[in-house]
Amino acid sequence: MKKLPNAPERKRALLGTALIAVALAVLPLVVAGTLGNTWVRILDYALLYIILALGLNIVVGFAGLLDLGYIAFYAVGAYLYALLASPHFGIHWPAWAILPLGAIVAGFFGVVLGAPTLRLRGDYLAIVTLGFGEIIRIFLNNLNAPVNITNGPKGIALIDPIRIGGHSLSAPLDLFGVTVPGVVLHYYLFVLLAVGIVFVGIRLQDSRIGRAWVAIREDEIAAKACGIDTRNVKLLAFAMGASFGGVAGGLFASFQQFVSPESFGLLESVMVLCMVVLGGMGNIPGVILGGLLLTLLPEAFRYGAGPVQQVLLGRVLLDPESLRMLLFGVALIAVMLYRPAGLWPEARHRRELAEAAAEKKA
Amino acid sequence: MTVLLEARGIGKRFGGVQALHDVSLTIRRGEIYGLIGPNGAGKTTFFNVLTGLYPRDGGEVMFDGEPLKLGSPHEVTRAGIARTFQNIRLFANMTALENVMVGRHARTKVGVGGAVFRFSSARAEEAAIHRRAEELLHYVGIADHANDLARHLAYGDQRRLEIARALATEPKLLALDEPAAGMNATETAALKTLVEGIRADGVTVLLIEHDVKLVMGLCDRVAVLDYGEKIAEDVPAQVRNNPQVIEAYLGGSLEH
Ligand SMILES: Nc1ncnc2c1ncn2[C@@H]1O[C@H](COP(=O)(O)OP(=O)(O)OP(=O)(O)O)[C@@H](O)[C@H]1O
Ligand SMILES: [Mg+2]
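Protein sequence lines, in the order shown, are assigned to chains A and B.
So in the working numbering, spot 241 of the first sequence is number 241, and the numbers just go up one at a time.
So in the working numbering, spot 213 of the second sequence is number 1213, and the numbers just go up one at a time.
Be a bit skeptical, because a hint or two may be false.
Facing chain A, according to a computed beta carbon distance under 7 angstroms, are these residues of chain B, among others [claimed, not checked]:
(1) P1073
(2) R1083
(3) Q1086
(4) R1089
(5) F1091
(6) N1093
(7) H1105
(8) T1108
(9) V1110
(10) A1115
(11) V1116
(12) L1194
(13) G1197
It should be emphasised that the hints constitute simulated quantities derived from the structure, not laboratory data.
Don't be surprised by glycine CBs; every beta carbon is placed ideally from N, CA and C.
Generate coordinates for the entire structure from the input sequences, incorporating the hints supplied.
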């Protein structure tokens, strides 16, 4: 039987939650004060990537369906927001209406693009989803003629920022004499949504639906024999993952106030997949860690590699940009070699590794 | 006794191999029905067709008074046929308990909303799934291993776990594909008791098994397949003395 949480345990859990909440609330202020607003902006992007990675984790981590076109749903969410809140069509819907709609529309795309792939697994699935991802991007690139829908490669600019209580999140807010910059306001919104999505992910994982996903990942035929309608349950995974992506896309569009097709290339899909795989497929904290590391570390290199070389060597020997990619590649290979289940793997994998270690000792 | 399952004229061909040819058989409610035959006779193929895993070339199945929709395995399971696999197919990286909990899928219904918001009905259902899974682990005798990963169970326990998972779907017919394969004499005896208990609890059993002693001791009736054709269907005592069966299959194994 699952143990009922006793009083001290519950207290500890509550205390932990409170601590995390305080840390998350204070973080942007500290970062803004020490590293500057640029880094808060980077944190904002990290949060968007975390939401994306959590969505992809449902498809890849839970259900075991390798999706290389996931960024398409981010694009759908972003363009939906751009079209419904910009001068492009002269429509200016509020964010609270577009973001949920983005989740639904992206979820629908998830089903439409998922349906033809249901019989595929592994490599084949990866290739087909990769193709679908590219098709969406190419559509966005070319849907500017004969009727201009997406404005083609030029993208859509002047997108409305999100407004809460009449205040635009892109403008600084004066609060009791303190000026809170827009990036910090966005941070709070993104954190709230990310926490909500983590909550949904955890609840799903620990349910009949989550077990069905894992069962399909483990053995599809046995899953069918257990009475699981694998088609529907897989489509549900695609839809849920895609809808998270759609929300992240809408946030991205409103935050940047500009979207263009080039933000949604294959490399972005691969990047999000790396966050899931490196962090620890199927493990929500691991995926969050993966998202954080893969957004923060490259930026740290971008800003740090030049000055560090200047100090150590007296001049900049290696271009920070190529050094960044080099180290990224090395880090990826190292993780795959030494921690194949990811930095922070799912409990089942963790248990396996521990047992393997114990066996070795014995 | 009433008829639970009636298969008529089932055929299945793989390229040049006629794995099943016009196989008809009738399983009565509450019996243990054996399906035997030499290697490659088509026994597993019959299971695969019956449970909707392979499309059939011809024939149909009446189950529990209604035509069985062959073609979607999950619907066959929902209709009341559960199975185990000759080469064990567990969810290797899930615990024994979770494996059985997955087996409850067909009979439960909490969706995304219930999972996320945990309405009281969803909580009650989840608790019931958990409780039933524990009961079933206990029933097949591996309650001690509830929290072990399926792939770490001993071979015989894995077979028992597969039976527990199949029982979790609340079958009217439990189809076991060589459940005693790889078991020693003690384990086989325990398995025999288990299968008898399952039947006593009202579940009809269809059993593929190579262990002739087990089949003859356990089954009420036995069908013999040879090269995809049914060559006999009768009570064990008759089948054992059927010259065609002795020639095709029993010849060697009865001498011990
Ligand atoms: N998926 C498949 N593709 C091609 N041929 C198959 C397939 N499954 C079974 N066969 C063939 O069909 C025939 C019957 O096989 P089946 O597995 O049903 O035999 P069986 O009676 O279960 O034998 P065993 O006692 O060895 O398990 C064999 O010739 C086998 O090679
Ligand atoms: Mg077989």
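Against the structure, the hints:
{"no.": "1", "hint": "P1073", "verdict": "4 angstroms, holds"}
{"no.": "2", "hint": "R1083", "verdict": "6 angstroms, holds"}
{"no.": "3", "hint": "Q1086", "verdict": "12 angstroms, violated"}
{"no.": "4", "hint": "R1089", "verdict": "4 angstroms, holds"}
{"no.": "5", "hint": "F1091", "verdict": "4 angstroms, holds"}
{"no.": "6", "hint": "N1093", "verdict": "5 angstroms, holds"}
{"no.": "7", "hint": "H1105", "verdict": "5 angstroms, holds"}
{"no.": "8", "hint": "T1108", "verdict": "6 angstroms, holds"}
{"no.": "9", "hint": "V1110", "verdict": "5 angstroms, holds"}
{"no.": "10", "hint": "A1115", "verdict": "3 angstroms, holds"}
{"no.": "11", "hint": "V1116", "verdict": "5 angstroms, holds"}
{"no.": "12", "hint": "L1194", "verdict": "19 angstroms, violated"}
{"no.": "13", "hint": "G1197", "verdict": "22 angstroms, violated"}
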